[in-house]
Amino acid sequence: AQSVTQLGSHVSVSEGALVLLRCNYSSSVPPYLFWYVQYPNQGLQLLLKYTSAATLVKGINGFEAEFKKSETSFHLTKPSAHMSDAAEYFCAVTKRSNDYKLSFGAGTTVTVRA
Amino acid sequence: DGGITQSPKYLFRKEGQNVTLSCEQNLNHDAMYWYRQDPGQGLRLIYYSQIVNDFQKGDIAEGYSVSREKKESFPLTVTSAQKNPTAFYLCASSPQGITTGELFFGEGSRLTVL
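Protein sequences, first through last, are from chains A and B. Residue numbering for the first sequence is 122 to 235, as defined by the working numbering. Residue numbering for the second sequence is 38 to 151, as defined by the working numbering.
Chain B with its partners taken away, still in its complex shape (with noise of 0.2 Å):
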C-alpha cells in the first residue's frame, strides 16, 4: 500500500540528546513537510522541502534540522538546542505543492523528554 511511514511512533529522550524521527514515503510525492502539534495550537510547520537536495524552514525551525538526500525519505532531527521538544510531530507529503491536491499525513511520532 502508498502511505507515509513514521517511526518511531513513541520515543522518550533525556535532555541533552539529540534524537532523530524518520519519515518514509512510497507515493512519488516531490514536497514533504514537518509539523509540529501541541494541544491547542494546531500544526505549526517545522521544515518543508519540494525536491531533493533542497529545504526550506517554517514557522518554528529553531533546534531542529532536516536533509532530504532521496526523494522517498524526510528525516527529522530535535537537537539539544529545541527547549521545549516534546510534542506530537507529524511528517507529509504532496504530489508538487498543496493546492495542486492535498497533504498526505504519517501517523505521527510522540516525542517526550525525561
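In isolation and in its complexed conformation, chain A is listed as follows (with noise of 0.2 Å):
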C-alpha cells in the first residue's frame, strides 16, 4: 500500500524566506502525487499535482515541486514566504491503478513570521 510521510509537523519561516514542505512516499507503482492547502476551518484546496508529465510542477500562489523517483520525493517550495501563506499544508497520494483512494500525510502547519 501506498503512504505519505511529511517530515516535520510545524515549520517556522520569515515572510520573503524560502518556503520547503518535504514529502517522501511510497508506493510499488508509479504514483500520483498532490499538494493541499488548508486554512483554518475550512476544506481542502489543491496546489498542484504529478500525474507523471514534467516532474517539476508548478501550482497556484507561487508553490511549486519537484518529483524525484530516486529519492521518492515530492517537496513543495516557494521562493519568498508570504504571510498569506501561513495554512496547513498536506501531501497525498495515489496508485494509478485505483484512483478512488488518497491517502494523505499527517500535515504540516507553516507559520510566516514579519
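These aren't lab readings, by the way, just hints derived from the structure by calculation. Note that the structure is predicted; figures quoted are calculated from it, not measured. Glycine included, C-beta positions come from ideal geometry on N, C-alpha and C. There's no promise every hint is true.
[Claimed, not checked] Short, incomplete list of chain A residues facing chain B, as computed with Cβ under 10 Å:
#1 133
#2 155
#3 157
#4 163
#5 165
#6 167
#7 184
#8 222
Bring the two chains, given one by one in their own frames, into a single complex with the hints.
Have a look at this one:
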C-alpha cells in the first residue's frame, strides 16, 4: 500500500524567506502525487499535482514541487513566503490503478513571521 | 456558484446518539468521499462512492454509515458504535476518480461529543 510521510509537523519561516515542505512517499507502482492547502476551519484546496508529465510542477500562489523518483520525494517550495501562506499543507498519493483512494500525510503547519 | 455544501458546520452530540452530517454537491461529480481529520493525523478515508447506489468502505468505516441515493447527496451517519467520534469531518467530490482531476472539498463539519 502506498503511504506518505511529511517531515516536520510545524515549519516557521520569515516573510520573504524560502518555504520548503518535505514529502516522501512509498509506492510499489508509479504514483500520482498532490499537495493540498487548508486554512483554519476550512476544507482543502489543491495546490498542485504530479501525474507523470513534467517532474517540476507549478501550482497556484507561487508554489512548485519536484518529483524525484530516485529519492521517492515530492517536496513543496515557494521562493518567498507571504503572510497569507500561513496554513496547513498536506501531501497525498494515489496509485494509478486505484484512483479513488488518496492517502494523506499528517500535515505540516506553516507559520510566517513578520 | 458550484461547490460542496456541508451542514451543520458545528454539531454537539451526547454519547449514545446517532447524528447525520449532510453533504450536497452541484458540480455534477460522480464520486464523493467522506474523510475524518484529527490533529496530527492528516485525513483518513471513511467511505467513498463512485456512483449512485454504490459505496465502499474506506480505512476507518467502523461506526459510520452512508447512503448514495442521489448523485448530489452523500450523507454520513455517525452511529453510537463509533467510540471516538469527536473530529472534523470533510466531504469531497471528484469528476471521475482522483487522477482525472482533483478532489473538491466542502468547508467541513466539526462534531463534538459531550
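request  = Check each numbered hint from earlier against the structure, then list the numbers of those it violates in ascending order.
outcome  = Result: hints 1 and 7 break, sorted rising.
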